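> Protein chains in written order, with this note's numbering: chain A, 1 to 645; chain B, 1 to 263.
These aren't lab readings, by the way, just hints derived from the structure by calculation.
Mixed in with the good hints, there may be bad ones.
[Said to hold, decoys possible] Cross-link-like lysine-lysine pairs, in silico, DSSO-like; alpha carbons within 27 Å at most:
#	chain 1	residue 1	chain 2	residue 2
1	A	K544	B	K105
2	A	K544	B	K129
3	B	K89	A	K558
4	B	K206	A	K16
5	B	K73	A	K558
6	A	K465	B	K73
7	A	K11	B	K89
[As the list claims (entries may be wrong)] What the simulated footprint calls covered on chain B by chain A, stretch by stretch (three residues with Cβ under 8 Å from a Cβ of chain A suffice, anywhere in the stretch; the number is not a length):
#	stretch
8	59-70
9	87-99
10	110-123
Note that the coordinates shown come from a computational prediction; the quantities given were computed from them, not determined experimentally.
Don't be surprised by glycine CBs; every beta carbon is placed ideally from N, CA and C.
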Amino acid sequence: MDKKRNLSITKEGVAKTIFALAALFAIVSVISIIGYLLYAGLPAMREIGIFKFLFGKVWSPGYEGAASEKFGILPMIVGSTIATGGALLIGGSLGITIAIFLVYFCPKGLKMPLTQLISLLAGIPSVVYGYFGLKQIVPLLAKISPNGNGTGILAVSLVLGIMILPTVTSLAKDGLSSVPSKYFEGSLALGMTKEQTVFKVMVPGASSGIMTALGLGIGRAVGETMAVIMVAGNSVQFPKGLFEGFMTLTGNIVMDMSYASGIHRSALVATGFVLLIFILILNGILYYVKSAGKTWEKDERRKLRQLKKAERRAQKTPCKVVMFFDRLNDKFIASNEKVKSKLKACRDRVAAKFGKVFNKDGGNRTYIAKNGLYKTLKYICCGSVIIMLAVVAYLLIFIFVKGIVAFRKIGVINFLFGKAGSGKISLAPAFVSTGALILIALAIALPIGICAAIYLVEYAGKSNKFVKIIRLFTDTLSGIPSIVFGLFGVIVFNDALGLGYSLMSGGLTLSIMILPTVIRSVEESLMAVPLAYREASYALGAGKVHTVFRIVLPSAMKGILTATILSIGRIVSESAALLLTAGSVRNMPKDIMSPGSSFAVMMYMFVSEGLYMNEAYATAVVLIILVTVINMLVFAFTPKKEKIK
Amino acid sequence: MKKKKEVEKFDLSQEAIKINNVNLYYGAFKALNNINMKISQGEITAFIGPSGCGKSTLLKCLNRMNDLVDGCKIEGKFEIGGQDIYAPKFSLQMLRKNVGMVFQKPNPFPMSVYDNIAYAPRLYGIRDKTSLDEIVEKSLTGAAMWEELKDCLNKSALALSGGQQQRLCIARALSVEPQILLMDEPTSALDPISTAKIEELCSQLKQNVTIVMVTHNMQQAARISDKTGFFLLGELIEFDDTEKIFSAPSKEQTERYITGRFG
Ligand SMILES: Nc1ncnc2c1ncn2[C@@H]1O[C@H](COP(=O)(O)OP(=O)(O)O)[C@@H](O)[C@H]1O
Ligand SMILES: [Mg+2]
Chain A
1 MDKKRNLSIT
11 KEGVAKTIFA
21 LAALFAIVSV
31 ISIIGYLLYA
41 GLPAMREIGI
51 FKFLFGKVWS
61 PGYEGAASEK
71 FGILPMIVGS
81 TIATGGALLI
91 GGSLGITIAI
101 FLVYFCPKGL
111 KMPLTQLISL
121 LAGIPSVVYG
131 YFGLKQIVPL
141 LAKISPNGNG
151 TGILAVSLVL
161 GIMILPTVTS
171 LAKDGLSSVP
181 SKYFEGSLAL
191 GMTKEQTVFK
201 VMVPGASSGI
211 MTALGLGIGR
221 AVGETMAVIM
231 VAGNSVQFPK
241 GLFEGFMTLT
251 GNIVMDMSYA
261 SGIHRSALVA
271 TGFVLLIFIL
281 ILNGILYYVK
291 SAGKTWEKDE
301 RRKLRQLKKA
311 ERRAQKTPCK
321 VVMFFDRLND
331 KFIASNEKVK
341 SKLKACRDRV
351 AAKFGKVFNK
361 DGGNRTYIAK
371 NGLYKTLKYI
381 CCGSVIIMLA
391 VVAYLLIFIF
401 VKGIVAFRKI
411 GVINFLFGKA
421 GSGKISLAPA
431 FVSTGALILI
441 ALAIALPIGI
451 CAAIYLVEYA
461 GKSNKFVKII
471 RLFTDTLSGI
481 PSIVFGLFGV
491 IVFNDALGLG
501 YSLMSGGLTL
511 SIMILPTVIR
521 SVEESLMAVP
531 LAYREASYAL
541 GAGKVHTVFR
551 IVLPSAMKGI
561 LTATILSIGR
571 IVSESAALLL
581 TAGSVRNMPK
591 DIMSPGSSFA
601 VMMYMFVSEG
611 LYMNEAYATA
621 VVLIILVTVI
631 NMLVFAFTPK
641 KEKIK
Chain B
1 MKKKKEVEKF
11 DLSQEAIKIN
21 NVNLYYGAFK
31 ALNNINMKIS
41 QGEITAFIGP
51 SGCGKSTLLK
61 CLNRMNDLVD
71 GCKIEGKFEI
81 GGQDIYAPKF
91 SLQMLRKNVG
101 MVFQKPNPFP
111 MSVYDNIAYA
121 PRLYGIRDKT
131 SLDEIVEKSL
141 TGAAMWEELK
151 DCLNKSALAL
161 SGGQQQRLCI
171 ARALSVEPQI
181 LLMDEPTSAL
191 DPISTAKIEE
201 LCSQLKQNVT
211 IVMVTHNMQQ
221 AARISDKTGF
231 FLLGELIEFD
241 DTEKIFSAPS
251 KEQTERYITG
261 RFG
């Protein structure tokens, strides 16, 4: 008896240790990425000098050791900054206004298709965006450009703007939806119109959510690589105008990495390190904004401030003020006695004021006049949606029309499944390589991610410090640009472990990239499993491990499936990291130790060689179809909102 | 029925449950105050009292479900069959196997009827199909629903009605032949007909199982229990034969409660 008990106790202990180690994995990953990039970038920073490296105006790698070699990344820093600014201007403003439309002005039947369309946009691979930019936006810009050159800051800003739009929209939407609806009702009860309420009460109320959305948009834009190099013009110089070629930090890394060696290579890694530090700082700021915006005390103070504002406004708009305060009294702030009494005093003052001047229509005039402004804002929101729809339609029609023509020319069966080799182009190797990459990445990330999620939900208490730290690191990991993962993969898997360009190395890199997605969606689905199931199992004498594996995990199967599909989506659209780690060959991989190109990498190679435009279009069609299917699957498996609560 | 791994049983013949000077804290909040109580084998004991007075808390102490609550601290002694169930070396599995529990809201696992009942036997090492079939039939018969369910053992338990689900949960608890069954307001979420069925079931189970039941329904306590304990604000005000409690309570608070003047 005793022995058996000890046995089960050690079993529980071992399991708990394994889960905890898995949870630690995210922290270890982030720290090793920082560590290895620093380690491999340090020689360059030392030799060149940090100041000369960061603020040097010339980047000219030459023969190794030649005196003419110069590694200054200031032009790229400036290029990345301006391009990101432009993207933010375009994608940020569109994204926020679209989010406002979706949350407040969208007709019911449109909401779901639009939301799905936006998540589809988020899934389209960057090479497809880049190709669209190269083939359509650049020629269009060339027509209006004074120097006849379409590439440059404007093209990059437009492409990046479209690319960050889904990120900004969906996060801003979350932020807006989290503003309590009582503000909305309260404001309507005051007699404000819906438009006024949205723009004066709700949008300011969601400011921290909107900041987060913009912040993540910045992160996405700064880290984007493949789309940028297709439209930037890629000359290493300071961006001199909207239509002059320039280079970003990411672009420089991916363009040079394939042949660089010695100090040059180290300088590229150091560039990645600079990028990483920037992203970490950005994440830190966002983390601060998020946690600062939430404390209860602040919320209460904000409510009070809004009340004061309402009072001031009430002097100009003798509408249903008193009623408003009465409603507020039992809905808005019932939590705090002190605030409640202040509120009551406020209400009485207003009531006294309007006891005399209250009349039904008189005061409404100023008010309706002002509403014109907010009506305009609303139309702007609608306009943004129309712009987005137009762009999406343009992109899809362009790719599909060209793609179908291309397929006709090169033959569907031949192109998809034909034998690749000496001069013959086929996607068959991409099917195999992509599949292998998915399998390797999932085989590693799924078990680790599931165990980590189990630890976070089932073992660690809710307010546990360790959990908070792990969450912070998981968020950080998910914000790191893929080019940085690529560099890490090159340093650790390709070089240190000696895997070289290989599917294995690519798969390992991908597994770290998808880990945050897996952890988060499994975590959510574990939390959705009712406590009652666990209780019932414990009450029958089952231990924790038994309960987790027999009751909790089977109930969370859908979430695990969602995590898998989401990860596959990420892998399918990835290109920068794979280009660096798994190589870009066009033939069939022999085994997982040989190099191989996924669809996205294959498409990039078609474009960059300039010889296979038809093949590129056809691959783009394949990619978009894949992404759409994945999106639909995710949608089908995600539990509906009402259920979560 | 022969099991491979027989977990030992409590010897309840002398005394089933003994609760001695128990205080319980949830963090700083004292939820139970100096509780003393003795329960004998084969009786049905009912806990009554207004909501929030600590009935469920005390009940959960008896199979140590409070171990799962953060910040829960227990002072005093719980003995079952003379053994201190909070002793450091005491086996939680042995305790929970012999002290079953039925919850307020029916909580069948999201599996088939059969798997729900076979869950615990499998946990205790029974793998062969015939033994499991036997247990399933026996447990469902025990919960008076074999006739109802014998043809749909593979149906999902979640497809059953609320009353059926609750009786399935009782059958699930019976699957490991517990000596004591704890029931926390087992009928409060059910319709009157299902309630009657479960009450009838309790009276049948009494022959083999010692039952401790929390109920908010005083008629229910009066109808089926042998002993009744009345709780108020974490204290056990009065504990006596049910007949006595409902006809001639010795404390004024008890009388006021059962005549419906507070709570
Ligand atoms: N997990 C818990 N944490 C903190 N307080 C609790 C917890 N469970 C119950 N309580 C408190 O203990 C008291 C008794 O609760 P409970 O035993 O559920 O009452 P009853 O079942 O008699 O309605 C209540 O005041 C309740 O708020
Ligand atoms: Mg209770």
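> If a hint holds in the structure, say so; if it does not, say that too.
Each hint, compared with the structure:
Our distance criterion of 27 Å between C-alpha atoms is met by A:K544 and B:K105, whose separation comes to about 22 Å. Our distance criterion of 27 Å between C-alpha atoms is met by A:K544 and B:K129, whose separation comes to about 25 Å. Proposed proximity of B:K89 and A:K558 is contradicted: the alpha carbons are some 39 Å apart, above 27 Å. For the given pair, B:K206 sits about 40 Å from A:K16 by alpha-carbon distance, which is inconsistent with the 27 Å threshold.
With a C-alpha separation of about 37 Å, the suggested pairing of B:K73 with A:K558 is violated against the 27 Å cut-off. Restraint check: the Cα-Cα separation between A:K465 and B:K73 comes to about 22 Å, which is no more than 27 Å; the hinted pair holds. For a cut-off of 27 Å, the pair hint linking A:K11 to B:K89 stands: about 17 Å separates their Cα positions. Residues of the stretch 59-70 of chain B with a Cβ under 8 Å from some Cβ of chain A number 4, which satisfies the need for three, so the listed coverage holds.
With 8 residues having a beta carbon nearer than 8 Å to a beta carbon of chain A, the stretch 87-99 of chain B meets the requirement of three or more and the stated coverage holds. Only residues whose C-beta sits within less than 8 Å of a C-beta in chain A count toward coverage, and the stretch 110-123 of chain B has 5 of them, enough to reach three; the restraint holds.
Going through the hint list in order, the structure does not satisfy hints 3, 4 and 5.
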